[in-house]
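In case you want the letters, here they are:
There are 2 protein chains.
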Amino acid sequence: MEVTRRNFKESLPTVYEAIGEADFLAIDGEFSGISDGPNVSALTNGLDTPEERYTKLKKHSMDFLLFQFGLCTFKYDQSKSKYIIKPFNFYVFPKPFNRSSPDIKFICQSSSIDFLASQGFDFNKVFCNGIPYLNQDEEVQLREQTEERRNQHANGVGTPSFNSPSSKSPAHVPDEHKDFISKVVKKVEDLLTSSDKCVDLEPCTGFQRKLMYQTLNWKFPKGIHIETVETEKKERFIQVSKVDDEERKRREQKKLEREQEELNDAVGFSRVIHAISKSGKLVVGHNMLLDVMHTIHQFYCPLPEDLQDFKEVTMCVFPRLLDTKLMSSTQPFKELINNTSLAELEKQLKETPFRCPQVETAEGFSSYNTAQEQLHEAGYDAYITGLCFVSMANYLGTFLTPPKSHICARSKLIEPFYNKLFLMRIIDIPYLNITGPDLQPKRDHVLYVTFPKEWKTSDLYQLFSAFGNIQVSWIDDTSAFVSLSQTDQVQIAMNTSRYAESYKIQKYADYVQAKQTKDQQDRQKQRQP
Amino acid sequence: MEVTRRNFKESLPTVYEAIGEADFLAIDGEFSGISDGPNVSALTNGLDTPEERYTKLKKHSMDFLLFQFGLCTFKYDQSKSKYIIKPFNFYVFPKPFNRSSPDIKFICQSSSIDFLASQGFDFNKVFCNGIPYLNQDEEVQLREQTEERRNQHANGVGTPSFNSPSSKSPAHVPDEHKDFISKVVKKVEDLLTSSDKCVDLEPCTGFQRKLMYQTLNWKFPKGIHIETVETEKKERFIQVSKVDDEERKRREQKKLEREQEELNDAVGFSRVIHAISKSGKLVVGHNMLLDVMHTIHQFYCPLPEDLQDFKEVTMCVFPRLLDTKLMSSTQPFKELINNTSLAELEKQLKETPFRCPQVETAEGFSSYNTAQEQLHEAGYDAYITGLCFVSMANYLGTFLTPPKSHICARSKLIEPFYNKLFLMRIIDIPYLNITGPDLQPKRDHVLYVTFPKEWKTSDLYQLFSAFGNIQVSWIDDTSAFVSLSQTDQVQIAMNTSRYAESYKIQKYADYVQAKQTKDQQDRQKQRQP
Ligand SMILES: Nc1nc2c(ncn2[C@@H]2O[C@H](COP(=O)(O)OP(=O)(O)O)[C@@H](O)[C@H]2O)c(=O)[nH]1
Ligand SMILES: Nc1nc2c(ncn2[C@@H]2O[C@H](COP(=O)(O)OP(=O)(O)O)[C@@H](O)[C@H]2O)c(=O)[nH]1
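As they're listed, the protein sequences go chains A and B. The first sequence begins at 0 in numbering that gives the first Met the number 0 and counts up by one. The second sequence begins at 0 in numbering that gives the first Met the number 0 and counts up by one.
Hints are computed from structural coordinates only; laboratory data are not their basis. Cβ coordinates follow ideal geometry from the N, Cα and C atoms, glycine included. Hints may be right or wrong, so weigh each one.
In silico EDC-like cross-links for lysine to aspartate or glutamate, where the CA-CA straight-line distance does not exceed 20 Å [to be verified]:
| no. | chain 1 | residue 1 | chain 2 | residue 2 |
| --- | --- | --- | --- | --- |
| 1 | A | Lys524 | B | Glu362 |
| 2 | A | Lys186 | A | Glu147 |
| 3 | B | Lys452 | A | Glu226 |
Sample of chain A residues with no beta-carbon within 12 Å of chain B, all distances over it, derived [what the hints assert, rightly or not]:
| no. | residue |
| --- | --- |
| 4 | Asn368 |
| 5 | Gln488 |
| 6 | Gln512 |
Anything over 12 Å on all C-beta distances counts as not near chain B; from chain A, calculated [stated by the list, open to error]:
| no. | residue |
| --- | --- |
| 7 | Met0 |
| 8 | Leu11 |
| 9 | Gly45 |
| 10 | Lys74 |
| 11 | Lys81 |
| 12 | Asp136 |
| 13 | Glu138 |
| 14 | His224 |
| 15 | Asp243 |
| 16 | Ser340 |
| 17 | Thr434 |
| 18 | His444 |
| 19 | Lys514 |
| 20 | Lys517 |
Make the full structure from the sequences, and use the hints.
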């Protein structure tokens, strides 16, 4: 189901129901870009620590926009022995809610945009009909603003200005507006003595409207109802109606309800994420670290500085996660699957020893056909991801005695894969462990090498040719990690390099030590004014 | 005429012709955002100096993308006594040219995007079919890369690595590729002794292709032609053909031409701007400072730090500019026109004492109808801007004796308006003077006031209520300029404020002095490591 601003409100009950009844949920996001940094390979060094990787992703990826969110709910139907699925494809865009709402800026990366364009992505749907959203701070702020305005309207007094000369005389009208305001007062007086029900005052500035609210509420505490109305041309004017006490209350009640509704509209797509979060259901994604980071960043709160804090926030928002890329590159799947990209994985999981999962699209949802791929539409990718999970989960059931053909999302067999998010291109740390400390592999066969910027990978191969197989992980133009195949070669390399002029070698541990000292110094410098 | 990547190459001669024959050109740009800063009013302070304004616009506006460029050419037809116009609406997007081309990042501002969306802007056309472009540095770099690769191919030697161990043995093949390369050599030897004309080698990595080029050019300096071919699936492989000397030259010539063509394609839309620039024709725009800055930034070079340097670059790129917003807010138009926004200006310039200009759309161009406005399509806005210019120019002719009904773009009467770009919302400096020093208005009736962030404009009115009319120019939350109506009030205000605790007052001159000293210190600090 395609969900845009046009049909969001009416679709929300369907979305809530699908989440509520599901056994597990699959998600996927499409972004306006991936990496803001110099180049992706430098940003995903093969020997990053989890902390380094998190910091890089946070710094270089969070200013992009998550503008399409795919959700596919999977509910197992015992009687049919198959999953009933409900796929949703949400278009998301931070349309400013009103003139005082945050005017979000986001980065687009031309390669990503061009890639999506080549896949037939509909940018007009995002930008014209994307569903708005607020993060939690923005939501709280908006609620407070509304509350504050309501209080102002009730007692006819402006926000008290701390220490300001005007705080003692709330209805102070600057000289140049005095004429205007007395005319307005006259008009309202005329209204009260005439047989008319209401009067439209002429369009004016927000400041003038504020003065009018203050003055009129002050002068006419009873008998009238004041409201700002917008013309078709978006001009705003004030309408004053003659009302008795009952009518006045009724109108104020209606205004309250309208405000509440507007608030909910502004929170928009975040309500879907809140529902996913509150459901506590297993959320499955493919290579989902960036999806999780973006979702939290965009719909909950700015990401914390610290990896440990990020893990805690993640567990609050998504109490159970499963990454199919990590699962498929872990035993027993590792040996059976040679390409873990989503499209390839899906194909391989249809073949023996796996079995194509039986699914049926729920009534009222148009079904995806895996034969004519619609990859890179978030809703489709979420669907495929869910299929992959089902296939792998069921495969685990074949090891049981007696074998089971359906393994549910809460099975003990799945638990080892919970809350481990795939870390791309890190040689020796397969995943980020959201619920505990990360793996700390030994890196004493690794050298940190610096060299002139003209060097290529082949120059490094050449330099270490005596040591057999090496692995190069570029850091930047002039440095790289070189992993030797044997630890005892490290000292030999260090010795031979002692008199080299064009390049320098350091042991990994020494490099880490030096870097930590430097980072600490930098932080101290920053703290000083 | 709508121009996208699809029809750009075939439209270029039409564009060149239109520019070549025109009497003047009107332009307009649409951007992905306007201001990256905290809020627009803070960024356009009413008492900015031209330097400050330039610096702010450069800092907060240049990361947006100019993605639609309107050009309307106006050619006067003596016999018909009317202008023949040719409107063009170009969609522009920095599609990466190849895998090594710059991957441009640009910012989108949700309010701007939302505004364009509400005007029916077609984002898919921009992102899917936008014309690519390069600035001058990128063009030079690409030409050099192509040149360098050509030289490499010719002598079969890789880029010499400065100081690197491999520089002495250009065709060094790392161990793990030796097998692969000897198989390749074998295949080519087989080709030479067989009756086949060519052989396709298997797809491989770029590094392997590089090794193949180096080795094969080294081993077989004659008799073969080597070329990289791309399959439909975007896999690249090398094709080796048996050729005699003549055929080899012919193929190399063809390759050269293809490379030249690809280069021109990459320069893309910048060629239109180059043509406008070279033509030296009068370029008319409405409130065009941002258009000019973006055009130079995107298609020529990053904007210089210094305002004076910017003026010089601008004169090189656009030797004659005219801003209709500035013109319409200058004598003799100032008294006749009360709203200088483009849409309103166009309407007013159809009424007496002005006359609706006679124009005709050239054959083969679909004509715009000013009755059903298509504002905010760049091509239409450029067209309307040109109309406004013609109307105002002709009005100047009514002052001549005898009056003239047509005033040409090169008339002496227009000269006073050349090269003065409207400065938005600066109280006392109407324009940026591109060809000379800027106006330096006296500001000795101005006070710099700082106060608690709870203050509102009305608090400032209140504070200075004894001085009659004042003008407030907000700087940020806690400071503003206050212009008093009389200079001799400044000292009185200073005296009364002496013991104030909640706010502080400074004379404008003292403020400027203090700021300059601070800026200088900041710059010195930055220079120190
Ligand atoms: N005292 C008082 N001020 C109001 C009231 N409604 C609006 N205002 C103020 O008047 C200004 C104009 O309000 P409005 O016409 O609703 O347009 P807005 O600019 O979108 O808020 C705002 O800055 C509000 O602070 C009211 O009922 N009472
Ligand atoms: N020596 C030499 N190197 C080449 C030649 N053509 C390409 N290369 C190198 O081989 C690598 C692969 O080239 P190519 O197959 O054209 O794909 P590319 O990666 O898009 O440049 C590039 O990095 C080039 O530097 C050639 O004719 N001679």
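12 Å Cβ clearance of aspartate 243 of chain A from chain B: Aspartate 243 of chain A clear of chain B: closest Cβ-Cβ about 33 Å, beyond 12 Å.
Non-interface claim for leucine 11 of chain A versus chain B (Cβ beyond 12 Å): 22 Å, holds
So asparagine 368 of chain A supposedly isn't at the interface. Is its beta-carbon more than 12 Å from every beta-carbon in chain B? 21 Å, holds
Take a quick look at threonine 434 of chain A and tell me if its Cβ sits farther than 12 Å from every Cβ on chain B, holds or violated. Threonine 434 of chain A clear of chain B: closest Cβ-Cβ about 35 Å, beyond 12 Å.
Against chain B, does methionine 0 of chain A keep a CB gap of more than 12 Å to every residue? Non-interface label on methionine 0 of chain A holds, nearest chain B Cβ at 22 Å vs cutoff 12 Å.
12 Å Cβ clearance of lysine 81 of chain A from chain B: About 34 Å separates lysine 81 of chain A from the closest Cβ of chain B, which puts it past 12 Å; holds.
Is the straight-line distance between the alpha-carbon of lysine 186 of chain A and that of glutamate 147 of chain A 20 Å or less? 28 Å, violated
Checking a non-interface call: every C-beta of chain B should be farther than 12 Å from the C-beta of glutamine 512 of chain A. Is that right? Given that every Cβ of chain B is farther than 12 Å from that of glutamine 512 of chain A, nearest at about 23 Å, it holds.
Would you check whether the claim that serine 340 of chain A is not at the interface survives, using Cβ distances to chain B and the 12 Å cut-off? 14 Å, holds
Beyond 12 Å from every Cβ of chain B: is that where the Cβ of lysine 74 of chain A lies? 35 Å, holds
Would aspartate 136 of chain A pass as off the interface with chain B, using Cβ distances and a cut of 12 Å? Label holds. Min Cβ-Cβ 17 Å, cutoff 12 Å.
For lysine 514 of chain A, which was marked as not at the interface, is the minimum beta-carbon distance to chain B over 12 Å? 19 Å, holds
In summary, the structure is inconsistent with hints 1, 2 and 3 from the numbered list given earlier, while agreeing with the others.
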